[in-house]
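Asks: For reference, the chains in residue letters:
Number of protein chains: 2
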Amino acid sequence: MGADPPHRVVVVGGGFAGLNAVRRLRDAPVEVTLVDRQNFHLFQPLAYQVATGALASAEVAAPLRAVLKRQVNAGVVLATVKGFDLGAREVVLGDLPDGEPERRLAYDTLIVAAGSNYSYFGHEEWREVAPELKSIGGALTIRGRLLSAFEAAELEPDPERRRAWLTFAVVGAGPTGVEMAGQIAELARDTLRGDFRHARPEQARIVLLDGAERVLPAFPEGLSRHAARELEELGVEPLVGRTVVDVDAESVSWEEDGGPVRMPTRTVVWAAGVRASRLATLLGEAAGTEVDKAGRIAVGPDLTVAGHPEVLALGDMASVHGPDGEPLRLPGLAPVAIQQGRYAARAIATRLRGERSRPFHYLDKGNLATIGRSKAVAELRGGIHLWGLPAWLAWLTVHIYYLIGFENRLLVLLRWTFSFLTRGRGARLIGLGAKAPEP
Amino acid sequence: MGADPPHRVVVVGGGFAGLNAVRRLRDAPVEVTLVDRQNFHLFQPLAYQVATGALASAEVAAPLRAVLKRQVNAGVVLATVKGFDLGAREVVLGDLPDGEPERRLAYDTLIVAAGSNYSYFGHEEWREVAPELKSIGGALTIRGRLLSAFEAAELEPDPERRRAWLTFAVVGAGPTGVEMAGQIAELARDTLRGDFRHARPEQARIVLLDGAERVLPAFPEGLSRHAARELEELGVEPLVGRTVVDVDAESVSWEEDGGPVRMPTRTVVWAAGVRASRLATLLGEAAGTEVDKAGRIAVGPDLTVAGHPEVLALGDMASVHGPDGEPLRLPGLAPVAIQQGRYAARAIATRLRGERSRPFHYLDKGNLATIGRSKAVAELRGGIHLWGLPAWLAWLTVHIYYLIGFENRLLVLLRWTFSFLTRGRGARLIGLGAKAPEP
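Protein sequence lines, in the order shown, are assigned to chains W and A.
Residue numbering for the first sequence is 1 to 439, as defined by my numbering.
Residue numbering for the second sequence is 1 to 439, as defined by my numbering.
Hints listed in this document are in silico derivations from the structure and should not be mistaken for laboratory results.
Hints are not guaranteed to be accurate.
For chains that are exact copies, the list does not tell them apart, and a pair is met inside one copy or across any two.
As the list claims (entries may be wrong) - Taking lysine to any residue pairs in the SDA-like style, the calculated list, with each CA pair at most 25 Å apart, reads:
1) Lys69 - Arg197
2) Lys82 - Leu282
3) Lys365 - Gly87
4) Lys69 - Asp190
5) Lys69 - Leu421
6) Lys293 - Ala349
7) Lys69 - Gly144
8) Lys82 - Phe196
9) Lys365 - Gly300
10) Lys69 - Gly424
11) Lys69 - Pro159
Next up, chain W with everything else stripped away, as it sits in the complex (with noise of 0.2 Å):
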């Protein structure tokens, strides 16, 4: 009988693809460790949903360590990855929680999934003035950002002041950027409507830029149509075919074929130009492995690392190669990640029992985004497009059966619920926003 150390896993990273990779080395003769700057696991395909009020940071949040409880061989740590020291086999660790500088933590296998966050085409000085919406933080920054806005148009006596307080642009047309432009066209014209005695929030102007030339430019051209014409409906412009030059306190400026156009706002919410987190770049410095454009660190069929077959890499911040060495080019999404995450389980199961695991494949359920009350896209398998009231239906079922808790199930339904009888929104609180982390 074996009396060897337990193989020792580290997971950088509590997003799908890591706490999923997590979960399902619970049978696995390995001890887990969790790294996160964050002890929350983010439902992040709802964070625009706390931006807008709908929902509290805490119903779209789930504590790690209460996620993990019971598995008893995961721990978790609190801490930021400073670096990765492949030939040692550590991970170092800093902003730790007791305030040591720095810990260093041993590891028999490597799993990193920390995720991505949306560059500003190389213009950070808009990040201050255009809050991006993928952390919490984020999302709470323009929540304040969004109801003050309406708060100051309620005060202003000059009329082009206000409408200038009343406008609100939107950069980036995917599924992040539709939702949040539809649920502040919502914000606006249903729950605030009535809400002031000076500002008419349902005059507000929402604006979506893009520099494709469709919205959702992932889904087939059909859901396209609907989607700009659901968003249409809602009281959004969806603004195609303009890249964005200039972002200040008081405009957003972009190109179009008439040339260029300044737009007076004070609200720009940032949903474009996905780059990987910068631990992609530190792991491929680490691993003598280049990252691409977007800042993602290649990784081979088995999602590990050129070099390094114990260091596995998932998510948005790897790009999964095929055998034949081509990227596969998949999507940023959810469903990617968890499948990825599994499979990291099952891979390293499998090669403790001293077998090959066979190459990643993505299995594609389908596509959905929502747009607003009964109006969302969704393309599933088969080829089967709906859009509509159908639709949305789809988009509730998977976001309530994927969020994790029975608890947060619960509240958000009740949310949700109250929201469509009464158009209300219950977390409509300014100033409680923390600064969104640093990428």
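Keeping the supplied structure of chain W fixed, place chain A upon it in accordance with the hints.
Replies: What follows is chain A alone, placed relative to chain W:
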């Protein structure tokens, strides 16, 4: 037929007193403007549950515009009050959402109900290391500190330093301090038990410090004894008769019979030394009325400021004097504030009809404090004293009843049911706390 401009009432502060005044003016021939620096009403008696992750902040907060949506004679202005110009009958506003440095708001009747904060016995430097539990910002800061202390203990190899991370001090043994100490004990011994691999949260030491000779000094002695015993059953050490003389990042010190004691701890929560809002002083200076030792402005039996029948001060920031000129010494409780808000609304309506209003009279319905799961004390009308489960059920019923908004009532009930059944806490998030606003 009168074409008089409507009587303008400005209410400063959307707490229990101010918000109840506004709502009770619903049918009066007046135009009401509520000024608050936050866009929500905080249900302060449950703020401590946010501080321990039992409830999300949005669940104990109600957006003011949502509360007043259907009250057509009421508006809301989000701003800080910088001063009172009683001669011109104007309130001077700052920190406006549109960035204007200052605006003035004219009134015919002014109600000021800006509440109170905890003072630090003249040691403002303690505020940074020992956050207070009056605001939602403070509660979120405390939540982050409490949870981080357990995270630090998990990583700390040195037993003595780990001990300091697992030692928690609550200063002030009034209802808030007692509730907070009890919640920390339940967090450590129930919720977090088994969540860590190295730290043993159930070994946490929780001390409750107060200079008074017993916990809950405002309650009858018998109930204080019950409360102390229930605290001890939860594992809290009630250290009464101890005056805190120093707090720093690594310890708290107090005087006791044998001399000074210094206890190493990394987490101190402050709930002592109530002091009226600085607006009481500003109003006192404007009206030529002195404030008392606790910073409260003196008001007459009809809650008006001497020499200014058009200015009322309510709630924690006012000291009501009876017809004989003696202070009534009303407790700083929500029921007092609620009754004063309703009285003020009635008094204004009465005066507009040309009649005189009777002096304010506080109807004491009793006093409740909870200590933990099935543990509470209650002093009801007619000298009925309850403790244990009956008192706890009374506490639950009253708090759910007074919580504003049907949606929040249901959400809080649901969270409490989950916590009761699982001993879990759904909102255990670190790092989303804003800084507490300046008092």
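Asks: Pop the pair Lys69 and Asp190 into one bin, within, between, both or neither, using alpha-carbon distances up to 25 Å.
Replies: Cα proximity of Lys69 and Asp190: across copies only (12 Å, versus 41 Å in one copy).
Asks: At most 25 Å between alpha carbons: which applies to Lys69 and Gly424, within, between, both or neither?
Replies: between (35 Å within a copy, 11 Å between copies)
Asks: Give the relationship of Lys69 and Gly144 under a CA distance limit of 25 Å: within one copy only, between copies only, both, or neither.
Replies: Close across copies (20 Å), not inside one copy (34 Å); limit 25 Å.
Asks: From the Cα coordinates, with 25 Å as the cut-off, is the pair Lys82 and Leu282 best called within, between, both, or neither?
Replies: within (8 Å within a copy, 50 Å between copies)
Asks: Can you tell me if Lys365 and Gly300 fall within 25 Å by alpha carbon in one copy, between copies, both or neither?
Replies: within (23 Å within a copy, 71 Å between copies)
Asks: How would you classify Lys69 and Leu421 at a CA-CA limit of 25 Å: within, between, both, or neither?
Replies: For Lys69 and Leu421, the Cα distance is within 25 Å only across copies (16 Å; inside one copy 36 Å).
Asks: Between the shortest in-copy and the shortest cross-copy C-alpha distance, which are at most 25 Å for Lys365 and Gly87: within, between, both, or neither?
Replies: neither (39 Å within a copy, 70 Å between copies)
Asks: Within a copy, between copies, both or neither: which one fits Lys69 and Pro159 at a CA-CA cutoff of 25 Å?
Replies: This pair counts as between: shortest inter-copy Cα distance 24 Å, intra-copy 56 Å.
Asks: When Cα atoms must be at most 25 Å apart, do Lys82 and Phe196 count as within-copy, between-copy, both, or neither?
Replies: between (48 Å within a copy, 23 Å between copies)
Asks: Is it within, between, both or neither when you check Lys69 against Arg197 at 25 Å Cα-Cα?
Replies: For Lys69 and Arg197, only the inter-copy Cα distance (10 Å) is at most 25 Å; the intra-copy one is 50 Å.
Asks: Using 25 Å as the alpha carbon limit, work out where Lys293 and Ala349 are close: within a copy, between copies, both or neither.
Replies: neither (33 Å within a copy, 69 Å between copies)
Violated hints for the displayed structure, listed by number in ascending order: 3, 6.
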